[in-house]
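4 protein chains.
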Amino acid sequence: MTKIAFIGLGNMGTPMAANLLKAGYQPVVYDIVPHTVEQLAEQGAIPAANVSEAVRDADVVISMLPASQHVKELYLGDGQLLAHARKGALLIDCSTIAPATAKEVATEALGRGFEMIDAPVSGGVGGAVKGVLTFIVGGNADSLEKARPILSVMGQKIFHAGEIGAGQTAKICNNMLLAIQMTGTAEALNLGVANQLDPVALSEILKNSSGGNWTLNVYNPYPGVMEGVPASNEYEGGFLVDLMVKDLGLAMETAQASESRTPLGALAEELYRGHSTAGWGRKDFSSILKAIEKE
Amino acid sequence: MTKIAFIGLGNMGTPMAANLLKAGYQPVVYDIVPHTVEQLAEQGAIPAANVSEAVRDADVVISMLPASQHVKELYLGDGQLLAHARKGALLIDCSTIAPATAKEVATEALGRGFEMIDAPVSGGVGGAVKGVLTFIVGGNADSLEKARPILSVMGQKIFHAGEIGAGQTAKICNNMLLAIQMTGTAEALNLGVANQLDPVALSEILKNSSGGNWTLNVYNPYPGVMEGVPASNEYEGGFLVDLMVKDLGLAMETAQASESRTPLGALAEELYRGHSTAGWGRKDFSSILKAIEKE
Amino acid sequence: MTKIAFIGLGNMGTPMAANLLKAGYQPVVYDIVPHTVEQLAEQGAIPAANVSEAVRDADVVISMLPASQHVKELYLGDGQLLAHARKGALLIDCSTIAPATAKEVATEALGRGFEMIDAPVSGGVGGAVKGVLTFIVGGNADSLEKARPILSVMGQKIFHAGEIGAGQTAKICNNMLLAIQMTGTAEALNLGVANQLDPVALSEILKNSSGGNWTLNVYNPYPGVMEGVPASNEYEGGFLVDLMVKDLGLAMETAQASESRTPLGALAEELYRGHSTAGWGRKDFSSILKAIEKE
Amino acid sequence: MTKIAFIGLGNMGTPMAANLLKAGYQPVVYDIVPHTVEQLAEQGAIPAANVSEAVRDADVVISMLPASQHVKELYLGDGQLLAHARKGALLIDCSTIAPATAKEVATEALGRGFEMIDAPVSGGVGGAVKGVLTFIVGGNADSLEKARPILSVMGQKIFHAGEIGAGQTAKICNNMLLAIQMTGTAEALNLGVANQLDPVALSEILKNSSGGNWTLNVYNPYPGVMEGVPASNEYEGGFLVDLMVKDLGLAMETAQASESRTPLGALAEELYRGHSTAGWGRKDFSSILKAIEKE
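Protein chains in written order, with this note's numbering: chain A, 598 to 892; chain B, 598 to 892; chain C, 598 to 892; chain D, 598 to 892.
Keep in mind that the hints were calculated from the coordinates and are not lab data. Source: prediction; values computed, not measured. Treat the hints with caution; some may be incorrect.
Heads up, the list lumps identical chains together, so a pair's fine if it works in one copy or across two of them.
Computed list of lysine-lysine pairs in BS3-like fashion (alpha-carbon distance at most 25 Å, straight line) [as the list claims (entries may be wrong)]:
hint, residue 1, residue 2
1, Lys804, Lys684
2, Lys891, Lys700
3, Lys619, Lys727
4, Lys700, Lys843
5, Lys843, Lys804
6, Lys669, Lys700
7, Lys754, Lys804
8, Lys891, Lys804
9, Lys619, Lys600
10, Lys887, Lys700
11, Lys700, Lys727
12, Lys619, Lys684
13, Lys887, Lys619
14, Lys754, Lys891
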């Protein structure tokens with residue numbers, strides 16, 4: 598059985614590791630928060646006291662961390678991952694980080710004889726719990742094939758975006774587009790309602806016309822139109838505004854570095870930043886409707 | 598057989614009337630351009646020399662005109678439609694115009710004993726030719742039921758958006774959202790390509806992720822990704838930038854009148870206006886990618 | 598003594614007419630609100646019961662109305678101004694309206710043998726009371742010279758912007774720029790304060806650097822930086838947000854009609870519209886700072 | 598006589614050091630480009646072969662570098678400035694960099710017993726040559742007083758913005774506002790001209806009205822309105838678009854870190870980025886008019 602190390606046991610990492618357990622793997626797990634390690638140990642995982650203990654025997658190392666600096670520190674920091682993992686191990690970073698950082702870390706890893714892919718996910722906490730995440734992978738096709746059986750335990754769809762870093766770039770492009778169409782959908786629904794349309798009827802029309810998009814299919818931002826979505830639960834749960842702000846920040850950084858124009862992306866970034874500033878940071882990102890709506 | 602008058606024989610009106618002919622109706626047709634009248638007469642339509650001649654015996658009058666002022670003039674002008682049509686006739690305006698104008702005209706028509714619905718379409722010239730337009734209808738449900746057999750000859754989907762004017766409002770909301778997601782999709786694809794992603798692979802990922810939308814399904818703006826779309830034919834054909842500029846102008850007018858916020862809509866309006874200014878007015882609206890792309 | 602008719606006695610028109618009285622003129626005054634007519638009659642003006650009575654003997658007619666439709670109705674409506682004024686009279690419209698309407702009205706007036714200029718003002722109610730308004734004039738230079746002695750009683754500066762309608766265009770350009778730099782100044786001050794700068798010190802630096810503009814000189818939007826401005830009086834008084842929304846609407850209309858790009862203008866229009874929507878319509882326009890500020 | 602070290606001899610640093618020479622100082626100069634060192638040595642400066650040689654005897658060290666990473670490397674890099682300068686020396690960084698980097702470097706410097714201020718400049722190459730720069734200073738008031746006689750040789754105005762880093766923050770706020778009002782002025786002038794106004798007459802009106810700002814006073818972006826400005830010389834010289842892009846990037850970074858809203862700033866950043874992308878990076882920043890103008 599493949600020996601897996603799993604590092605980073607937050608809201609996403611914990612259910613992902615739990616799905617590995619359910620599939621019969623016995624991952625060695627580590628996080629800087631001891632409580633999360635204990636929790637998974639009770640479910641059968643092998644607890645590790647630090648990074649070196651976690652990775653030293655692993656065939657595959659999976660990491661799931663909050664941001665670029667944490668990934669950089671984990672892989673390249675003094676006495677960290679690359680110093681202790683076995684040569685030839687396959688490293689899979691599932692964090693959403695800057696493409697430039699992903700490339701920097703992977704270049705170092707490849708240079709030291711590891712295999713590495715970036716494999717950021719979409720699907721949120723719900724998708725992680727149900728094991729239906731989407732993985733967007735950058736890196737060597739052979740490495741992806743080695744990773745596939747393990748990724749398939751945690752997710753449903755796996756896309757190969759291109760070389761190292763391409764997973765991050767594609768994830769960022771997707772989330773920028775998502776922010777734009779969520780905001781646009783909120784504007785369109787609000788405009789209709791302000792002119793006496795019924796939001797349910799209008800949503801149905803848009804969904805079946807050229808305005809159709811993912812948010813109208815499964816994540817309608819207007820309260821009461823769709824059951825079981827954050828908009829119908831006071832925007833609790835879901836994908837936090839502050840996480841969208843982080844991803845849009847990465848998109849703007851990437852756009853600036855590559856001199857790419859992103860007019861709607863830049864305005865969406867500013868709108869989400871303002872929405873967080875107004876106190877909505879810990880609510881679902883479909884709450885951007887409240888920034889549009891008449892008070 | 599229901600007697601139909603059809604007024605306005607432009608790029609949209611001509612194939613719509615032709616489909617009525619194919620279905621066995623014999624519409625009386627009129628346009629200020631005599632040539633278009635003759636063309637349809639050759640196919641079996643009854644030519645009329647003016648509005649009053651066209652409408653005087655009609656059970657149903659259909660109009661398809663370029664803009665608000667033309668509709669207002671046709672229905673309310675001296676010696677025009679409302680003065681000559683038979684009391685009780687059903688009036689169907691398929692033009693895309695300001696909701697306020699649609700309400701003004703219909704209120705007058707209803708007051709004079711007519712039935713009236715606004716029924717703007719989506720689907721473009723191609724949809725008109727194939728008889729697969731989508732009708733977005735505002736007005737009384739009974740009037741819509743009377744119109745349904747005739748609309749079904751020219752289109753495939755019929756939505757009831759609400760009271761008089763609601764068809765126009767919903768159409769405008771849809772097209773504003775369409776402009777936003779077309780531009781957002783162009784930004785996302787361009788950002789990916791500028792960072793070494795393959796546009797085909799990225800399109801596939803976005804389409805199957807939360808960035809999915811109508812443009813990625815059937816109208817990809819990146820040249821070469823999809824066959825048979827304007828982007829793969831130098832942006833010829835399709836839905837003209839200048840028509841999108843017109844619809845976005847109506848959206849902004851409606852937003853201002855109802856004090857509705859539309860931050861991305863306002864910026865999209867400005868971007869499409871600028872794109873037209875730069876000489877792209879007669880190209881397909883997916884060419885907004887060229888306004889984003891590095892030169 | 599030149600016989601003057603003054604039509605439109607709102608917040609601006611009343612003090613303007615009062616300044617004519619102080620200068621020794623005896624204007625015939627009219628408004629649809631009888632109370633305002635009586636008020637000026639008590640100060641010595643000649644009250645008129647309707648438009649025709651007001652204008653029939655006038656050498657010069659001054660109008661000061663809220664919006665395009667009022668001006669159009671006053672001048673071109675049935676039995677209105679152009680039908681009753683003396684041929685050869687000089688017509689001065691001080692309202693801020695669409696340039697297209699100004700041209701339409703003036704063309705009709707000139708065609709009927711009148712002289713006409715558009716002379717919108719800046720300086721607000723305070724400037725009207727003190728007689729220090731700025732007039733931005735469109736029309737024939739000779740007509741402006743005839744108007745100058747009278748305008749000088751109500752204002753301090755008189756600019757000749759060009760032909761008929763040019764006064765309106767220049768006013769609109771100015772107010773669009775004003776909205777942009779007021780918002781930009783609010784953003785810069787807010788950004789500095791959020792990073793521990795003192796707003797007084799920062800205002801002083803900006804005022805004396807390349808960021809310097811009119812708002813920093815006399816109308817600082819940050820509470821407490823400057824005495825006697827709306828920002829230091831809870832944004833009471835001054836130039837209302839709703840009036841700025843109206844002027845920005847005219848700017849967008851003009852930009853669309855002339856296919857001119859106005860990216861920052863379009864966003865400023867949307868921001869002010871949203872600010873009004875959020876309940877700030879009756880406050881001073883420098884309160885846009887509150888739309889920027891962290892809550 | 599105070600012993601001065603001057604590090605960074607680019608387009609700005611060279612004339613600044615030359616003015617020190619003219620005032621009778623004999624600075625020790627260093628740059629990684631040997632040619633620039635030789636050039637100043639011919640004018641009387643003392644050439645240094647490396648940083649440690651340049652700073653070891655200096656009472657005052659002045660640095661003028663392109664960006665944050667260069668400043669960080671110079672001060673904190675292995676065997677660099679802080680390791681070789683004399684304890685108690687006054688360090689003056691005139692580079693425009695991220696406020697966060699300025700604070701990080703100064704905190705380290707103060708901790709090691711140096712005095713330090715950040716003193717970014719405005720006024721461009723022309724101002725550097727003529728010795729009329731504006732210094733915007735962050736840091737201790739006593740340190741500023743020690744620096745004042747030396748700064749006065751290179752500049753005309755000196756502002757104290759606040760504590761360490763405040764000079765950078767104020768500079769960034771100013772340049773963001775400058776970009777906004779330059780773009781807004783370009784939009785207003787272009788809108789007027791597209792509606793038949795004369796740009797000279799309109800500039801005069803705006804300058805004397807509430808639209809008045811620094812660009813209209815001394816840096817009009819419309820070709821031919823003002824003599825001796827880049828707009829009248831094909832946008833050659835002046836302040837490069839690419840430098841404005843850099844400063845706007847710093848502004849966005851600072852806004853994101855402090856969760857400050859900057860809607861017009863974000864759009865101006867995107868517009869200048871797009872303008873650079875379109876090939877205008879090496880032209881003056883007033884050329885943003887060409888991004889607005891009809892082709």
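Checked hints:
{"no.": "1", "hint": "Lys804 x Lys684", "result": "neither (51 Å within a copy, 37 Å between copies)"}
{"no.": "2", "hint": "Lys891 x Lys700", "result": "between (44 Å within a copy, 24 Å between copies)"}
{"no.": "3", "hint": "Lys619 x Lys727", "result": "within (11 Å within a copy, 53 Å between copies)"}
{"no.": "4", "hint": "Lys700 x Lys843", "result": "both (19 Å within a copy, 23 Å between copies)"}
{"no.": "5", "hint": "Lys843 x Lys804", "result": "between (28 Å within a copy, 23 Å between copies)"}
{"no.": "6", "hint": "Lys669 x Lys700", "result": "both (11 Å within a copy, 23 Å between copies)"}
{"no.": "7", "hint": "Lys754 x Lys804", "result": "both (24 Å within a copy, 12 Å between copies)"}
{"no.": "8", "hint": "Lys891 x Lys804", "result": "within (24 Å within a copy, 32 Å between copies)"}
{"no.": "9", "hint": "Lys619 x Lys600", "result": "within (15 Å within a copy, 69 Å between copies)"}
{"no.": "10", "hint": "Lys887 x Lys700", "result": "neither (38 Å within a copy, 29 Å between copies)"}
{"no.": "11", "hint": "Lys700 x Lys727", "result": "neither (30 Å within a copy, 46 Å between copies)"}
{"no.": "12", "hint": "Lys619 x Lys684", "result": "neither (28 Å within a copy, 62 Å between copies)"}
{"no.": "13", "hint": "Lys887 x Lys619", "result": "neither (40 Å within a copy, 49 Å between copies)"}
{"no.": "14", "hint": "Lys754 x Lys891", "result": "neither (39 Å within a copy, 32 Å between copies)"}
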